[in-house]
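Fit chain W to the supplied structure of chain Z, relying on the hints for placement.
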Amino acid sequence: MRVDVNGTPREVQAETLSALLDELGFEAPCVATAVDGTFVPRTLRDAHPLTPGARIEILAPMQGG
Amino acid sequence: MFYGTELSSRLFLGTAQYPSPAILAEAIRASGTEVITVSLRREGPGGGGFRDLIAATGCRVLPNTAGCHTAREAITTAHMAREVFGTNWIKLEVIGHADTLQPDPFALLEAARVLCAEGFEVFPYTTEDLILGEKLIEAGCRVLMPWGAPIGSGQGLRNIEGLRSMRAHFPDTPLVIDAGIGAPSQAAEAMEMGFDAVLLNTAVAKALAPVGMARAFRQAVEAGLAAHRAGLMPRRDMASASTPIFGMAALA
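Note that the protein sequences, when read in sequence, are chains Z and W. With our numbering applied, the first sequence has no gaps in its numbers, which climb one by one up to 390 at the end. With our numbering applied, the second sequence has no gaps in its numbers, which climb one by one up to 256 at the end.
Misleading hints may appear alongside valid ones.
Claimed, not checked - Residues of chain Z clear of chain W, computed beta-carbon distances all greater than 10 Å: (1) 338; (2) 340; (3) 341; (4) 343; (5) 347; (6) 356; (7) 376; (8) 378.
Unchecked claim - Chain W residues, not near chain Z, derived (Cβ > 10 Å throughout): (9) 12; (10) 13; (11) 121; (12) 172; (13) 241.
As the list claims (entries may be wrong) - To be clear about the criterion: a stretch of chain Z counts as covered by chain W if any three or more of its residues have a C-beta under 8 Å from a C-beta of chain W, and this derived list gives those stretches: (14) 358-372; (15) 381-388.
Hints listed in this document are in silico derivations from the structure and should not be mistaken for laboratory results. Yeah, the Cβ is synthetic: ideal placement off N, Cα and C, and Gly gets one too.
Isolated chain Z (complex conformation):
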């Protein structure tokens, strides 16, 4: 299905959020995730189904002031 990952459209096989992280090679323990503007905790990623067009944000620590 086609989803939006960090602002970029992607065609993915994954059907859950945790499968998506694996498929795209993210280090799952080191990132935080949100789907359609709502935080999805690490423990709920397995159970979080993806729907076509979902907007997924995958964030990590970065320099900040």
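Below, chain W alone, put in the same frame as chain Z:
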């Protein structure tokens, strides 16, 4: 005490805009800081290096919600930051205006209410407005972070009388001057006035020699704190001779 944590260094340092990761690490060491601010951004290449750098500093991490313009964005970012960094501390920024980066007081208060109720320890980036400060405390904030001047402007304490009133109005709340500090003398001034800490980033990161500037800020903050504790002399309008008149020779 910042949410029950005693800090010997009163300088909080931002981690953005340094010439290189090595200079950032060195500046953190030279500053003597115990608290560094960090953000969350879309994961890209090289993210792992920054994580390792943060861990190696041994500093406490204060994640921010920089760049958020609505309470909802800031709340979601805070949730994500709590999971990634494993801390309840959050520097809550809800920006109201793109040019001044002035906080949006209404959205700030709304986000602070939600986050405090969820157990976050909120460090709100606010203005010197006393009523807003009171409302933030009612919402559960136990630290306030008034701006000195607009973020990155280096203007120092732009409304010094307003900040003085704020210090007097909230004698028991830790107050941190956040943003706008450009020179060590300005940081020292804030500490002399009785502020509990200063948070800065650009003034160090954009100095010609960030490590040297980090050291200068460390000394300024220490000097300002020591001066406040020692008690400054009262300011006077007129001169007052310091050398005694008694015993002066009649030479005229």
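Here is how each hint holds up against the structure:
no., hint, verdict
1, 338, "20 Å, holds"
2, 340, "21 Å, holds"
3, 341, "18 Å, holds"
4, 343, "14 Å, holds"
5, 347, "14 Å, holds"
6, 356, "5 Å, violated"
7, 376, "19 Å, holds"
8, 378, "19 Å, holds"
9, 12, "22 Å, holds"
10, 13, "17 Å, holds"
11, 121, "16 Å, holds"
12, 172, "28 Å, holds"
13, 241, "40 Å, holds"
14, 358-372, "holds (count 7)"
15, 381-388, "holds (count 7)"
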